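Let chain A serve as the given structure and place chain B on it in line with the hints.
Top line first, the protein sequences correspond to chains A and B.
Taking numbering that gives the first Met the number 0, I'd label the letters of the first sequence as residues 0 to 296.
Taking numbering that gives the first Met the number 0, I'd label the letters of the second sequence as residues 0 to 296.
Simulated from the structure, these hints should not be mistaken for laboratory data.
Please note: incorrect hints may appear among the correct ones.
Identical copies carry no separate label here, and so any pair may be met within one copy or between two of them.
Unchecked claim - Below, a list of computed lysine to aspartate or glutamate pairs in the EDC-like style, where the Cα atoms sit at most 20 angstroms apart:
hint: 1; residue 1: K33; residue 2: E168
hint: 2; residue 1: K280; residue 2: E111
hint: 3; residue 1: K55; residue 2: D81
hint: 4; residue 1: K33; residue 2: E215
hint: 5; residue 1: K280; residue 2: E109
hint: 6; residue 1: K280; residue 2: E215
Predicted, not measured: the structure shown is a model, and the values here were computed from it.
Spelled out, the chains give:
There are 2 protein chains.
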Amino acid sequence: MFTGLSAFPLTPMNESGIDEEAFIRLIQRAADAKVDSISALGSTGSYAYLTREERKRAATFAVQHANGIPVMVGIGSLRTRDVLQFAEDAQEAGVSAVLLAPVSYQPLTEREVYSLYETVTRSLSIPLCVYDNPRVTHFTFRDELLGEIAQLPNIGSIKIPPVSSNHDEAKARVDQLRALIPSHVKIGISGDWSAAAGLNAGCDIWYSVLGGLYPEISLRITRAALTGSAEEALALSEQLEPLWELFRQHGGLRVIASAALRLGIGSNPNLPQPIQGLDEKARQQLDEVIQRLALQS
Amino acid sequence: MFTGLSAFPLTPMNESGIDEEAFIRLIQRAADAKVDSISALGSTGSYAYLTREERKRAATFAVQHANGIPVMVGIGSLRTRDVLQFAEDAQEAGVSAVLLAPVSYQPLTEREVYSLYETVTRSLSIPLCVYDNPRVTHFTFRDELLGEIAQLPNIGSIKIPPVSSNHDEAKARVDQLRALIPSHVKIGISGDWSAAAGLNAGCDIWYSVLGGLYPEISLRITRAALTGSAEEALALSEQLEPLWELFRQHGGLRVIASAALRLGIGSNPNLPQPIQGLDEKARQQLDEVIQRLALQS
Chain A
0 MFTGLSAFPL TPMNESGIDE EAFIRLIQRA ADAKVDSISA LGSTGSYAYL TREERKRAAT
60 FAVQHANGIP VMVGIGSLRT RDVLQFAEDA QEAGVSAVLL APVSYQPLTE REVYSLYETV
120 TRSLSIPLCV YDNPRVTHFT FRDELLGEIA QLPNIGSIKI PPVSSNHDEA KARVDQLRAL
180 IPSHVKIGIS GDWSAAAGLN AGCDIWYSVL GGLYPEISLR ITRAALTGSA EEALALSEQL
240 EPLWELFRQH GGLRVIASAA LRLGIGSNPN LPQPIQGLDE KARQQLDEVI QRLALQS
Chain B
0 MFTGLSAFPL TPMNESGIDE EAFIRLIQRA ADAKVDSISA LGSTGSYAYL TREERKRAAT
60 FAVQHANGIP VMVGIGSLRT RDVLQFAEDA QEAGVSAVLL APVSYQPLTE REVYSLYETV
120 TRSLSIPLCV YDNPRVTHFT FRDELLGEIA QLPNIGSIKI PPVSSNHDEA KARVDQLRAL
180 IPSHVKIGIS GDWSAAAGLN AGCDIWYSVL GGLYPEISLR ITRAALTGSA EEALALSEQL
240 EPLWELFRQH GGLRVIASAA LRLGIGSNPN LPQPIQGLDE KARQQLDEVI QRLALQS
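Bound-form chain A, shown alone (with noise of 0.2 angstroms):
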């Protein structure tokens, strides 16, 4: 399952809970689209801020409506136990495999880490995707780590952070870790304005945001460098660098927050407290972003 695009989308709640019908939405937006996957409870998906039991329906609602493509879901938690609660709870919701990143309060040794996967991927009986975003987790990790993690029984694969846009550079950096890591296990890209580039290094899937509202212009995306047309995937994602730099601005989450309340799915406020949508200033410029590329899904 670990190939082509991942659809991450948002999970639109308020102090209250989740909306329920609006992550529906989204996971039949992102169905009928025919992404490869759908992994809800990724960062988008909010996953670090639900209960477990927000977590359970979450995973429940997400495998009823995606229509057979696989879905996978974050179980990370501050704690292993929490961890392996969550793991169980999304097998038995039904899901084809579950995204790990090392949460962390207290900064995590190299030791921790690994023993936090040696741990979850024993209790598993579905793949696990390494989630390396330390942009969230402030955890990073040394590429020799991630090849001694990838060793372990029921890894899929790891979801890397943005590769250079120089595409030698990108290669190398995928390279590297194809090296270090077995075979079976797929790399994949995140950080969407570094998908193209990702994608035409090397990377199997992208695991994306932007799929989890937008999935057509991001399949367009992921088809084009995958069937080894480089300079068209690049050239489609050259036209949503106004996007990409929001994204940057703001982070992905803010900016498909407020775009997903564009498009009519769900209400304000969708995020969780004290985490706030965009300015005025920034809805704006999405606003104008937005009609001038004339994304409709």
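Just chain B now, kept in the frame of chain A:
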């Protein structure tokens, strides 16, 4: 209550829950030494890793066993919704103050952090200490933002990260913050190796990891600094340098957790997985340091 030495005890725990007997022993130890306040459920108290019920019980035990010494507890969490709940529970448990860090998964904006403190202070009937610790929150306060937050009702103190070991630089840093906050808001120093320098530079209180296990030596440093014996405070702190080096290298939490076991308080493991205690080499170093310093209490 925001003056002198505030002891931050460990919350010994394993995967089954809090070791309540060991926790109570640590509270009693601090109370017996007559520290000025006890900050249970700080970072060293692993608040971020506990459930609502666990936090509530720990706060209740801390108040019950503090022998009248004021107790502060940490109420930080990723969601404002949960912080408000923890604030209510803490007040019901009878604490005298709460400690709030802008805990983050998604990086927070200044607007979001301000709104968190605005919302929470509005709900409180006891003072709040603003917890500035980028190492664990990954949010860096500008002094101007601290100044704005300090104007909110019920703000009692600001807990700042380590200051320079150069006295003039440390004093300039404390003076700069002092100029931006109301006079009733007290400044507290954290990063134990920086405590003597911070108190000498004009901080009112030491928020102390060491004081949670070794209150007596911590009180001697505090009393020296706050009664004008700046050199004596520095000399006492300097003697502890081998311990501070372990703190900086492994984090105060791991060091103090190992030291507690060495004193026969609680049993191994005593930290929430995936966090582990010191490895064998560091544990030997700690043993040597403690013997050399003849640390008892």
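Checking against the hints above, which ones are violated?
Checked against the structure, the hints that fail are numbers 1 and 6, while the rest are satisfied.
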